[in-house]
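Going line by line, the protein sequences match chains X and B. The letter at position 145 of the first sequence is residue 159 when you use our numbering, and the numbering goes up by one with no holes. The letter at position 40 of the second sequence is residue 224 when you use our numbering, and the numbering goes up by one with no holes.
Derived by calculation from the structure, the hints in this document are not laboratory data. Beta carbons are placed, not taken as given, at the ideal position from N, Cα and C, and that holds for glycine. Watch out, some of these pointers could steer you wrong.
Straight-line alpha carbon distances no greater than 20 Å define the calculated EDC-like cross-link-like pairs of lysine to aspartate or glutamate that follow [claimed, not checked]:
no., chain 1, residue 1, chain 2, residue 2
1, X, Lys99, B, Glu218
2, X, Lys466, X, Asp318
3, X, Lys467, X, Glu432
4, X, Lys202, B, Glu198
5, X, Lys467, X, Glu399
6, B, Lys208, B, Asp264
7, X, Lys269, X, Glu401
8, X, Lys99, B, Asp215
9, X, Lys467, X, Glu404
10, X, Lys203, B, Glu198
11, X, Lys466, X, Asp415
12, X, Lys269, X, Asp238
Coverage of chain X stretches by chain B, computed from C-beta distances (three or more under 8 Å per stretch; other residues unrestricted) [claimed, not checked]:
no., stretch
13, 78-88
14, 114-120
Next come the chains, spelled out residue by residue.
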Amino acid sequence: MRERKWDFIPFSFYDTTGMARHLEKRAEQGWLVERMTNLGWHYRRTEPRRLRFTVTYYLRASAFDPEPTEGERTFHDFCAQTGWKLAASSGQVQVFYNEDPDPVPIHTEPALELAQMGRMARRALPLQIFLLLLGLWWGAAWVWSLFYSPIDLLSSVYSLATGPIWLVLALWCGADLICYLTWRRRAKKAALLGEFVPTRGCHKLLLAALAVTGLGLAYILLADRRPGFRLVLLAMLALYALLFLAVNGTRDFLKRKKAPRALNRGVTLTVDVVLAFALMAAVTVGLFWGLHAGVFSGRPAAADPPLALEDLMGTADDRYVTDAQEDATVFLSRREYRQHIDWELARPGEGVPSLDYTVVDVHLPLLYERCVEELLRDRDDWTAETEDGEEVRLYTYVAADPAPWGAERVWRRWRAVENVPTGDWLLCWPGRIVVLEPGFELTQAQMALAGKKLAP
Amino acid sequence: MTTVPRPKFQTLTEQMYYVLLCLKEECCGMDIMERIPAMTGGRVQVGSGTLYNLLEQFAQAGMIRETRAEGRRRSYILTDKGKETLSGEYRRICAQAWDYRAVFGEEAAK
Chain X
15 MRERKWDFIP FSFYDTTGMA RHLEKRAEQG WLVERMTNLG WHYRRTEPRR
65 LRFTVTYYLR ASAFDPEPTE GERTFHDFCA QTGWKLAASS GQVQVFYNED
115 PDPVPIHTEP ALELAQMGRM ARRALPLQIF LLLLGLWWGA AWVWSLFYSP
165 IDLLSSVYSL ATGPIWLVLA LWCGADLICY LTWRRRAKKA ALLGEFVPTR
215 GCHKLLLAAL AVTGLGLAYI LLADRRPGFR LVLLAMLALY ALLFLAVNGT
265 RDFLKRKKAP RALNRGVTLT VDVVLAFALM AAVTVGLFWG LHAGVFSGRP
315 AAADPPLALE DLMGTADDRY VTDAQEDATV FLSRREYRQH IDWELARPGE
365 GVPSLDYTVV DVHLPLLYER CVEELLRDRD DWTAETEDGE EVRLYTYVAA
415 DPAPWGAERV WRRWRAVENV PTGDWLLCWP GRIVVLEPGF ELTQAQMALA
465 GKKLAP
Chain B
185 MTTVPRPKFQ TLTEQMYYVL LCLKEECCGM DIMERIPAMT GGRVQVGSGT
235 LYNLLEQFAQ AGMIRETRAE GRRRSYILTD KGKETLSGEY RRICAQAWDY
285 RAVFGEEAAK
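Take the sequences, apply the hints, and build the full model.
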């Protein structure tokens, strides 16, 4: 039979009622909390008992104190006088239990408890507000991209997975902040009448946020096909874990050695900063080395190109090189092909055609039109200023006859200022969109061949 | 409607009142926790955390002063400022009682 266990319930700092009820439930199950760390609450087995718990804050305590200060001990003595025994503490958090089923509460003056919570909030809320703004910023950017550039967003495993993490972070921070402020408003009113208001936090939402983060990371690890990047992500996660353990280990070691609070804080902070910089530098150097040595690649290579210059020109030239890259998620895939001759290999005065094209396969019909719109807007930000100082677009798409391509819809890119067509095309078939950018004018026969080769 | 915050300790809560009352004579926190229920027949009880905070705040406000410390056992006594605050509160309570009698009469107050 196990004698020890731990759990991790990420209670909000103000949810002292929630914490106490949880600990009471554990005590009834025969588990008494004995230690609180950043990784959770640790329990030891006891007789199942109905105990009353109170979670409170001793604001002058610090996680870097080698042992409770005189003031903290005096506070514990006061509590012991009314039967409240210290079960565990971590920094400012103090957990007491009482065997009396109806003890005198530790706090009997609601206004004082409210003031204490207010001081605690002034420490905790700036970080939460910062995280809320960060989550809102990146979450909003993700939602904006979902509507206006779904191809960029949904073809990348990393972009797809990180958006929900930011959104759920913003949701939790916002909900938790609202819960706290609502409780505070009600508690202030009740305190005027000498009454307490139980707290109610959002730890279930935070658990959901953590689950989304875990799933997001797992999805990136499983689905990211960029060579070497899975290793990079794993290395970064390992380094974060190492940093966390090193910082906590340093602090706990110095506490065991009875180092004074200021010394412990200074050394731990120094270890934290130095190690964080060293580890980030190591990751950055490793990443650059990997990219340079070809161990990593920004994007995975795509399968053989469906269309090649040889198909269109009828002749082969072994100086041609083809870059083929692919990004894909369950929602859509984007394959980019580029066939060209290095300028160093081209003969002076030789006109060498090139062929660039992008094939987007949309697996979710709902997204199809959004993807077409994104590609039609692709060069909207390529602008120039006229002599009158007016800003004009350089390119625009004009609908063209799809028949020569055997496609459903076709647009041709035009130079808007000169009003002349370019050789670039946007071709649509059900579920597939292709941006074709040959460096030369295609004949009707070449269009038919390209359409046949590029059709889904 | 806006509420103007009251100056600290301008009026005392029941618990603050009895803590100060106990400190007419020198005593420590533990004694106060025992004296208040005894003095009020168990009607008023002060929680340990509340008492700890009140003693600290009263000392900071100069309403009580520390007289001696034996280990962690610290004793306090009321200062002149504390006495003044306490008597002000007493007068306020008396005024309330007087007003009650004025409205309901002597018989109803018994």
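Straight-line alpha-carbon gap Lys208(B) to Asp264(B), limit 20 Å = holds, 10 Å
Are the Cα positions of Lys202(X) and Glu198(B) separated by 20 Å at most?
-> The hint holds at about 18 Å.
Would you say the stretch 114-120 of chain X counts as covered by chain B, given the rule of at least 3 residues with C-beta under 8 Å?
-> That given contact holds, which follows from 3 residues of the stretch 114-120 of chain X lying within Cβ reach (below 8 Å) of chain B.
Does the alpha-carbon distance linking Lys99(X) and Asp215(B) stay inside the 20 Å limit?
-> Holds: Lys99(X) and Asp215(B) sit about 19 Å apart, inside 20 Å.
Given the hint that Lys466(X) pairs with Asp415(X), does the C-alpha gap stay at or below 20 Å?
-> holds, 16 Å
Starting from Lys467(X), check that the Cα of Glu399(X) is at most 20 Å away, please.
-> violated, 39 Å
Against chain B, does the stretch 78-88 of chain X show at least 3 residues with beta-carbon separation below 8 Å?
-> Check passed, 3 qualifying residues.
Straight-line alpha-carbon gap Lys466(X) to Asp318(X), limit 20 Å = Holds, because 16 Å separates the two Cα atoms, which is no more than 20 Å.
Taken at face value, is the distance from the CA of Glu432(X) to the CA of Lys467(X) at most 20 Å?
-> Distance of about 32 Å is beyond 20 Å: violated.
Is Lys467(X) within 20 Å of Glu404(X), Cα to Cα?
-> violated, 42 Å
Within a Cα-Cα threshold of 20 Å, do Lys99(X) and Glu218(B) meet the stated pairing?
-> holds, 18 Å
Hint consistency between Lys203(X) and Glu198(B) [alpha-carbon to alpha-carbon, up to 20 Å] = Distance of about 18 Å is within 20 Å: holds.
In terms of the numbered hints stated before, the structure departs from hints 3, 5, 7, 9, 12, listed from lowest to highest.
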